[in-house]
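Using UniProt numbering, the first residue of the sequence shown is number 1, and each one after it goes up by one.
By construction, these hints were calculated from the structure, which means they are not laboratory data. As the structure is a prediction and not an experimental result, all values here were calculated from the model. The C-beta atom is built at its ideal place from N, Cα and C for all residues, glycine as well. Worth double-checking, as some hints may not be accurate.
List of simulated lysine to aspartate or glutamate pairs, EDC-like, C-alpha gap at most 16 Å [claimed, not checked]:
id : residue 1 : residue 2
1  : 241       : 208
2  : 209       : 190
3  : 209       : 230
4  : 226       : 190
Have a look at the derived ranges for each label pair, beta carbon to beta carbon [stated by the list, open to error]:
id : residue 1 : residue 2 : range
5  : 260       : 42        : 16 to 24 Å
6  : 263       : 53        : 27 to 35 Å
7  : 204       : 32        : 41 to 49 Å
8  : 37        : 193       : 49 to 57 Å
9  : 44        : 185       : 14 to 22 Å
10 : 260       : 44        : 23 to 31 Å
11 : 50        : 201       : 38 to 46 Å
12 : 130       : 33        : 33 to 41 Å
13 : 272       : 130       : 15 to 23 Å
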Amino acid sequence: MKRGVGMTVTAVVTTAAAAVAVAVLVRHWRRRKRYEQARRILRRFARRCATPAAKLWHVADEMASEIEATLSSSDPSTNLRLLVAYLAPLPTGYVGRERNILWYRSPGNKLSYSKARLEGKDEPLSEVSRHEVAIPSDIIAKVECTRVGKELAAEINQALEKHGVDMRVFTVVINVQWGNFSSLNLPLTEYDTYLDAESKDPGSRVFEKLISGMFLGEIVRRVLLKMAQEAALFGDCLPPKLTTPYLLMSPDVAAMHQDVSEDYQVVERETEGNF
(Lines of atoms letter the chains of each structure in order from A and count residues from 1; the text may use other names and numbers.)
(Lines give C-alpha, C1' and ligand atoms only; values in the text may rest on other atoms or scores of the structure.)
Protein backbone atom coordinates (compact mmCIF):
# COMPACT_ATOMS: atom_id res chain seq x y z
CA MET A 1 0.00 0.00 0.00
CA LYS A 2 2.73 2.42 1.04
CA ARG A 3 4.70 1.48 -2.02
CA GLY A 4 1.72 2.29 -4.27
CA VAL A 5 1.22 5.66 -2.58
CA GLY A 6 4.92 6.40 -2.99
CA MET A 7 4.82 5.56 -6.67
CA THR A 8 1.74 7.77 -7.12
CA VAL A 9 3.40 10.71 -5.34
CA THR A 10 6.54 10.22 -7.43
CA ALA A 11 4.49 10.20 -10.62
CA VAL A 12 2.64 13.37 -9.57
CA VAL A 13 5.91 15.14 -8.69
CA THR A 14 7.48 14.02 -11.96
CA THR A 15 4.46 15.22 -13.94
CA ALA A 16 4.49 18.56 -12.12
CA ALA A 17 8.21 18.97 -12.77
CA ALA A 18 7.68 18.17 -16.43
CA ALA A 19 4.84 20.70 -16.60
CA VAL A 20 7.04 23.36 -15.01
CA ALA A 21 9.85 22.54 -17.42
CA VAL A 22 7.47 22.80 -20.37
CA ALA A 23 6.15 26.12 -19.07
CA VAL A 24 9.71 27.44 -18.70
CA LEU A 25 10.56 26.31 -22.22
CA VAL A 26 7.40 27.92 -23.61
CA ARG A 27 8.19 31.21 -21.85
CA HIS A 28 11.76 31.04 -23.10
CA TRP A 29 10.54 30.32 -26.64
CA ARG A 30 8.10 33.23 -26.48
CA ARG A 31 10.78 35.58 -25.17
CA ARG A 32 13.18 34.44 -27.87
CA LYS A 33 10.50 34.83 -30.55
CA ARG A 34 9.70 38.34 -29.32
CA TYR A 35 13.39 39.20 -29.21
CA GLU A 36 13.89 38.01 -32.78
CA GLN A 37 10.86 40.00 -33.93
CA ALA A 38 12.21 43.13 -32.23
CA ARG A 39 15.56 42.58 -33.91
CA ARG A 40 13.89 42.18 -37.31
CA ILE A 41 12.06 45.50 -36.88
CA LEU A 42 15.28 47.22 -35.83
CA ARG A 43 17.34 45.71 -38.67
CA ARG A 44 14.72 46.71 -41.24
CA PHE A 45 14.69 50.26 -39.89
CA ALA A 46 18.51 50.41 -39.89
CA ARG A 47 18.67 49.26 -43.51
CA ARG A 48 16.19 51.91 -44.63
CA CYS A 49 17.97 54.81 -42.94
CA ALA A 50 21.55 53.69 -43.66
CA THR A 51 23.77 56.34 -45.25
CA PRO A 52 26.85 54.68 -46.77
CA ALA A 53 29.39 56.97 -48.41
CA ALA A 54 28.25 56.02 -51.92
CA LYS A 55 24.68 57.12 -51.19
CA LEU A 56 25.84 60.39 -49.63
CA TRP A 57 27.95 61.13 -52.73
CA HIS A 58 24.90 60.54 -54.93
CA VAL A 59 22.86 62.98 -52.83
CA ALA A 60 25.65 65.59 -52.87
CA ASP A 61 26.11 65.29 -56.65
CA GLU A 62 22.37 65.66 -57.27
CA MET A 63 22.17 68.71 -55.02
CA ALA A 64 25.18 70.30 -56.76
CA SER A 65 23.59 69.64 -60.15
CA GLU A 66 20.32 71.27 -59.08
CA ILE A 67 22.11 74.32 -57.67
CA GLU A 68 24.16 74.66 -60.87
CA ALA A 69 21.01 74.40 -62.98
CA THR A 70 19.29 77.01 -60.82
CA LEU A 71 22.20 79.44 -61.13
CA SER A 72 22.08 79.20 -64.92
CA SER A 73 18.29 79.44 -65.17
CA SER A 74 15.99 82.44 -65.02
CA ASP A 75 12.94 80.30 -64.37
CA PRO A 76 11.52 81.30 -60.95
CA SER A 77 9.81 77.93 -60.52
CA THR A 78 13.02 75.92 -60.23
CA ASN A 79 13.34 73.59 -57.27
CA LEU A 80 16.17 75.34 -55.45
CA ARG A 81 15.52 79.07 -55.76
CA LEU A 82 18.61 80.96 -54.64
CA LEU A 83 16.93 84.34 -54.35
CA VAL A 84 14.99 85.41 -51.31
CA ALA A 85 11.67 83.55 -51.47
CA TYR A 86 9.55 81.48 -49.11
CA LEU A 87 11.32 80.76 -45.83
CA ALA A 88 10.22 78.56 -43.01
CA PRO A 89 9.10 80.76 -40.11
CA LEU A 90 12.00 82.59 -38.51
CA PRO A 91 12.55 82.26 -34.75
CA THR A 92 9.56 83.60 -32.86
CA GLY A 93 9.15 84.55 -29.25
CA TYR A 94 7.52 86.64 -26.59
CA VAL A 95 8.10 90.39 -26.46
CA GLY A 96 8.38 92.07 -23.08
CA ARG A 97 6.50 91.00 -19.97
CA GLU A 98 3.00 91.38 -21.41
CA ARG A 99 2.81 88.05 -23.22
CA ASN A 100 3.02 89.61 -26.66
CA ILE A 101 4.11 87.17 -29.34
CA LEU A 102 6.01 88.04 -32.51
CA TRP A 103 6.50 85.93 -35.62
CA TYR A 104 8.00 86.39 -39.07
CA ARG A 105 7.87 84.97 -42.56
CA SER A 106 9.21 85.95 -45.97
CA PRO A 107 6.66 85.58 -48.80
CA GLY A 108 8.26 86.34 -52.16
CA ASN A 109 10.25 89.58 -52.08
CA LYS A 110 8.78 90.87 -48.81
CA LEU A 111 9.54 90.43 -45.13
CA SER A 112 6.33 90.08 -43.16
CA TYR A 113 6.05 90.21 -39.39
CA SER A 114 3.03 90.01 -37.11
CA LYS A 115 2.42 90.80 -33.47
CA ALA A 116 -0.41 89.77 -31.17
CA ARG A 117 -1.30 89.68 -27.50
CA LEU A 118 -2.03 86.40 -25.71
CA GLU A 119 -5.06 86.72 -23.44
CA GLY A 120 -5.02 83.27 -21.90
CA LYS A 121 -5.96 79.65 -22.49
CA ASP A 122 -8.80 79.16 -24.99
CA GLU A 123 -9.00 82.94 -25.49
CA PRO A 124 -8.63 84.61 -28.90
CA LEU A 125 -5.62 86.73 -29.79
CA SER A 126 -6.03 90.48 -29.41
CA GLU A 127 -4.21 93.58 -30.64
CA VAL A 128 -3.18 91.74 -33.78
CA SER A 129 -1.03 93.82 -36.13
CA ARG A 130 0.75 92.86 -39.34
CA HIS A 131 3.43 94.70 -41.28
CA GLU A 132 5.31 94.04 -44.50
CA VAL A 133 8.62 95.45 -45.67
CA ALA A 134 9.55 95.21 -49.34
CA ILE A 135 13.02 93.89 -50.13
CA PRO A 136 14.63 96.08 -52.85
CA SER A 137 15.28 94.25 -56.09
CA ASP A 138 18.87 95.49 -56.26
CA ILE A 139 19.60 93.76 -52.96
CA ILE A 140 18.09 90.53 -54.29
CA ALA A 141 20.10 90.79 -57.50
CA LYS A 142 23.35 91.26 -55.61
CA VAL A 143 22.76 88.72 -52.87
CA GLU A 144 25.37 86.31 -54.25
CA CYS A 145 28.06 89.03 -54.26
CA THR A 146 27.68 90.32 -50.72
CA ARG A 147 30.50 90.58 -48.25
CA VAL A 148 28.90 87.85 -46.15
CA GLY A 149 29.77 85.19 -48.71
CA LYS A 150 33.38 86.33 -48.95
CA GLU A 151 33.80 86.42 -45.18
CA LEU A 152 32.22 83.00 -44.87
CA ALA A 153 34.59 81.56 -47.48
CA ALA A 154 37.55 83.08 -45.62
CA GLU A 155 36.40 81.56 -42.31
CA ILE A 156 35.94 78.14 -43.91
CA ASN A 157 39.43 78.28 -45.42
CA GLN A 158 40.93 79.19 -42.04
CA ALA A 159 39.15 76.24 -40.43
CA LEU A 160 40.34 73.87 -43.17
CA GLU A 161 43.92 75.08 -42.80
CA LYS A 162 43.76 74.78 -39.02
CA HIS A 163 42.75 71.12 -39.29
CA GLY A 164 45.27 70.32 -42.00
CA VAL A 165 42.73 69.79 -44.79
CA ASP A 166 44.26 70.41 -48.22
CA MET A 167 41.27 72.18 -49.76
CA ARG A 168 40.25 75.77 -50.50
CA VAL A 169 36.82 77.36 -50.93
CA PHE A 170 36.60 80.12 -53.56
CA THR A 171 32.83 80.51 -53.98
CA VAL A 172 30.00 80.25 -51.47
CA VAL A 173 26.42 79.84 -52.68
CA ILE A 174 23.88 80.76 -50.02
CA ASN A 175 20.77 78.75 -50.77
CA VAL A 176 17.63 79.64 -48.82
CA GLN A 177 15.64 76.85 -50.47
CA TRP A 178 17.81 73.85 -49.63
CA GLY A 179 14.89 72.31 -47.77
CA ASN A 180 13.03 71.82 -51.07
CA PHE A 181 15.70 69.47 -52.39
CA SER A 182 14.45 65.97 -53.15
CA SER A 183 16.18 62.82 -54.33
CA LEU A 184 15.41 59.13 -54.71
CA ASN A 185 18.66 58.49 -52.82
CA LEU A 186 17.43 60.11 -49.62
CA PRO A 187 17.24 57.50 -46.82
CA LEU A 188 13.50 57.75 -46.21
CA THR A 189 11.86 55.21 -43.91
CA GLU A 190 8.18 54.36 -43.51
CA TYR A 191 8.16 56.60 -40.43
CA ASP A 192 9.47 59.59 -42.41
CA THR A 193 6.77 58.99 -45.02
CA TYR A 194 3.99 58.88 -42.41
CA LEU A 195 5.24 62.01 -40.65
CA ASP A 196 5.50 63.89 -43.94
CA ALA A 197 1.94 62.89 -44.85
CA GLU A 198 0.71 64.18 -41.48
CA SER A 199 2.60 67.49 -41.70
CA LYS A 200 1.09 70.82 -42.73
CA ASP A 201 2.96 70.70 -46.07
CA PRO A 202 3.08 67.04 -47.19
CA GLY A 203 5.49 66.33 -50.03
CA SER A 204 7.28 69.64 -49.53
CA ARG A 205 10.65 70.40 -47.87
CA VAL A 206 11.34 66.68 -47.45
CA PHE A 207 15.11 67.15 -47.17
CA GLU A 208 14.70 69.74 -44.44
CA LYS A 209 12.32 67.50 -42.48
CA LEU A 210 14.78 64.65 -42.82
CA ILE A 211 17.87 66.37 -41.42
CA SER A 212 16.53 69.13 -39.17
CA GLY A 213 16.10 66.86 -36.15
CA MET A 214 12.59 68.15 -35.52
CA PHE A 215 11.04 64.70 -35.98
CA LEU A 216 13.89 62.64 -34.51
CA GLY A 217 12.23 61.99 -31.16
CA GLU A 218 8.88 61.20 -32.77
CA ILE A 219 10.48 58.70 -35.17
CA VAL A 220 12.19 56.90 -32.28
CA ARG A 221 8.89 56.82 -30.37
CA ARG A 222 7.12 55.27 -33.36
CA VAL A 223 9.83 52.64 -33.78
CA LEU A 224 9.59 51.74 -30.07
CA LEU A 225 5.79 51.64 -30.32
CA LYS A 226 5.96 49.22 -33.25
CA MET A 227 8.40 47.02 -31.34
CA ALA A 228 6.17 47.15 -28.26
CA GLN A 229 3.05 46.22 -30.23
CA GLU A 230 4.57 43.50 -32.40
CA ALA A 231 7.35 42.15 -30.18
CA ALA A 232 6.23 43.06 -26.62
CA LEU A 233 9.41 45.08 -26.11
CA PHE A 234 8.17 46.40 -22.76
CA GLY A 235 6.38 43.21 -21.73
CA ASP A 236 2.75 42.22 -22.09
CA CYS A 237 1.49 45.66 -21.01
CA LEU A 238 1.94 48.52 -23.46
CA PRO A 239 3.10 51.71 -21.67
CA PRO A 240 0.19 54.17 -22.15
CA LYS A 241 2.49 57.16 -22.66
CA LEU A 242 4.21 55.41 -25.56
CA THR A 243 1.12 56.10 -27.68
CA THR A 244 1.31 59.87 -27.10
CA PRO A 245 2.63 61.66 -30.22
CA TYR A 246 5.73 63.82 -29.78
CA LEU A 247 6.17 62.78 -26.16
CA LEU A 248 9.80 61.89 -26.86
CA MET A 249 11.81 64.95 -27.91
CA SER A 250 14.99 65.15 -29.96
CA PRO A 251 17.12 66.26 -26.95
CA ASP A 252 16.01 63.07 -25.15
CA VAL A 253 17.25 60.97 -28.07
CA ALA A 254 20.51 62.95 -28.20
CA ALA A 255 21.10 62.28 -24.50
CA MET A 256 20.53 58.54 -25.00
CA HIS A 257 22.79 58.50 -28.05
CA GLN A 258 25.63 59.99 -25.99
CA ASP A 259 25.23 57.49 -23.16
CA VAL A 260 28.59 55.76 -22.61
CA SER A 261 27.81 54.23 -19.21
CA GLU A 262 28.35 50.50 -18.85
CA ASP A 263 24.72 49.71 -18.01
CA TYR A 264 23.14 52.53 -20.09
CA GLN A 265 21.89 54.52 -17.12
CA VAL A 266 20.93 57.54 -19.26
CA VAL A 267 18.89 55.36 -21.63
CA GLU A 268 17.10 53.76 -18.67
CA ARG A 269 16.42 57.14 -17.06
CA GLU A 270 15.08 58.69 -20.28
CA THR A 271 12.81 55.75 -21.14
CA GLU A 272 11.46 55.45 -17.60
CA GLY A 273 10.99 59.20 -17.33
CA ASN A 274 9.14 59.48 -20.64
CA PHE A 275 7.19 56.22 -20.74
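Violated constraints from the hint list, given by number and in increasing order: Hints 1, 3, 8, 11, 12, 13 contradicted; others consistent.
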